[in-house]
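K.L.:
Take a look at the letters that make up each chain.
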Amino acid sequence: GAVVSQHPSRVICKSGTSVKIECRSLDFQATTMFWYRQFPKQSLMLMATSNEGSKATYEQGVEKDKFLINHASLTLSTLTVTSAHPEDSSFYICSASLAGGQYEQYFGPGTRLTVT
Amino acid sequence: ELKVEQNPLFLSMQEGKNYTIYCNYSTTSDRLYWYRQDPGKSLESLFVLLSNGAVKQEGRLMASLDTKARLSTLHITAAVHDLSATYFCAVSYSGGGADGLTFGKGTHLIIQP
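First to last, the sequence lines map onto chains A and B. The numbering of the first sequence is my numbering, which starts it at 1 and goes up by one. The numbering of the second sequence is my numbering, which starts it at 1001 and goes up by one.
Chain B on its own, in the form it takes in the complex (with noise of 0.2 Å):
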C-alpha cells in the first residue's frame, strides 16, 4: 500500500521568513505533485516533479524531487500572507500516466503579519 507522509501537518510562520514542507513516501514512483486548497475551494496545480533531480520553482514556492530518498520538499522563501492554505504533496499509485493520486495528510500552513 502507497503511504504519503507529509509534515509538519500545521506550521504558523511570521512573513517574511523561510520554511521547507517534507514528504516522503513509501513505494517507488517518480511523479509527485504538489497542490495548494484555500478553504472551501479544490485544489490548485503547484509543480509536478517527474524525475528525480527535479527542482522546480514559482515565485516564492520551489520544490525539489529526490526518488532514491522517496522525499520531496516544498521550501517557501520570504513568506508572504496570500501563502496561507493548505498544501498537499501526492504520489500517482505506480508512477504510470492515468493512476489515481495517494495524498499526504496536507501541511495547514499559516503565514502571520
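Next up, chain A with everything else stripped away, as it sits in the complex (with noise of 0.2 Å):
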C-alpha cells in the first residue's frame, strides 16, 4: 500500500512552454503533499506544500507565479512550470502524507523534465 504515483516520467519542453506534472496518491488519502526539486548530484530541496482544498505554500525563493500547485483533492496535486527556460530543468519528485497518518511521507518516482 501507500503508493504514490507521477506522470510524466520525462518530459521535455521548449522553452517559454508550460508543463504539467501530476501526483497522484493510488491506495490512500493525502491531505497533504509535498513538491520537492533536486539537481543533478544534489540533494533534494523542498519547493512547496500542498494541501487539499487552500493554496500551497511556498518556501523562500520559490516563485509561487511561475510553479504553480494545485491540490484539487485528497489524490491528486499539480504542479505546472509556467514558461519554463532551462535552468528549471530539474527532477521534480512529489511526496504525500497519509491523512491522519503523522510521520511517514511516500515519495513518487519523480519527473525530469529537461528545457530546451
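These aren't lab readings, by the way, just hints derived from the structure by calculation. Take these hints with a grain of salt, some might be off.
16 Å max Cα-Cα, derived EDC-like pairs, lysine to aspartate or glutamate [said to hold, decoys possible]:
{"#": "1", "chain 1": "B", "residue 1": "K1003", "chain 2": "A", "residue 2": "E59"}
{"#": "2", "chain 1": "A", "residue 1": "K14", "chain 2": "A", "residue 2": "E87"}
{"#": "3", "chain 1": "A", "residue 1": "K14", "chain 2": "A", "residue 2": "D88"}
{"#": "4", "chain 1": "A", "residue 1": "K66", "chain 2": "A", "residue 2": "D88"}
{"#": "5", "chain 1": "A", "residue 1": "K41", "chain 2": "B", "residue 2": "D1038"}
{"#": "6", "chain 1": "A", "residue 1": "K64", "chain 2": "A", "residue 2": "D88"}
Keep in mind the model is a prediction, meaning the values are calculated, not measured.
Now that you have both chains on their own, put them together as the hints suggest.
P.N.:
This is the structure:
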C-alpha cells in the first residue's frame, strides 16, 4: 500500500512553454502533498507544501507564479512549471502524507524535466 | 533555519567492511528519516526514527537517533555491492506530522568487491 505515482516520468519542453506534472496517491487519501526539486548530484530541496482545498505554501525563494500548485482532491496534486527555462531543468519529486497519519511520507518516482 | 549535515559525502569501501554515516541537525526534531536513492530513481524509505534512543535494523543497515545530541547514525555491517547508492538523512521542520523535510546533502556510497 501507500503508493504514489507521478506523470509524466520524463518530459522535454521548449523554453517559454508550460508543463504540468501530476502526483497521485493511488491507494490512500493524502491531505498533504509536498513538491521537491533535485538538481543533478545534489540533494532534494522542498519547494512547496500542498494541502487539499487550500493554497499551497511555498518555500523561500520559490516563485509561486512560476510553479503553480493545485491540490484539487485528496489523491491528486499538480505542479505546473510556467514559462519554463533551461534552468528549470531538474528532477521533480512529490511526496504524500497519509490523511490522519503522523510522520510517514511516501515519495513518487519523480519527473525528469528537460527544457531546451 | 533547520540545517542537516551529513558526513562523509562520499565513501568508497570494500565489501565485508563496516562503516557509519553521520547525520547532524541544527534544531529540535524527533523525527529523523533515512532514504536510499539509486541513480536516476526516486527515494526508497529505509527508516523513520521517532524518539530519542530509537534504533532500527534492516538487514545490514542499522540506524539510531540521539535527539539530545541531534545526531543520527546509519551503520553498515559487512557491506555488499548491492548497498552502493546515495543515502540521505532528512528531518521534518518542526518534528510534527505533515511537515516538509529538510535533507542532508547525501552520502554517495560505493562498495567495491
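K.L.:
Going through the numbered hints above, which ones does this structure break? Give me the numbers in ascending order.
P.N.:
none
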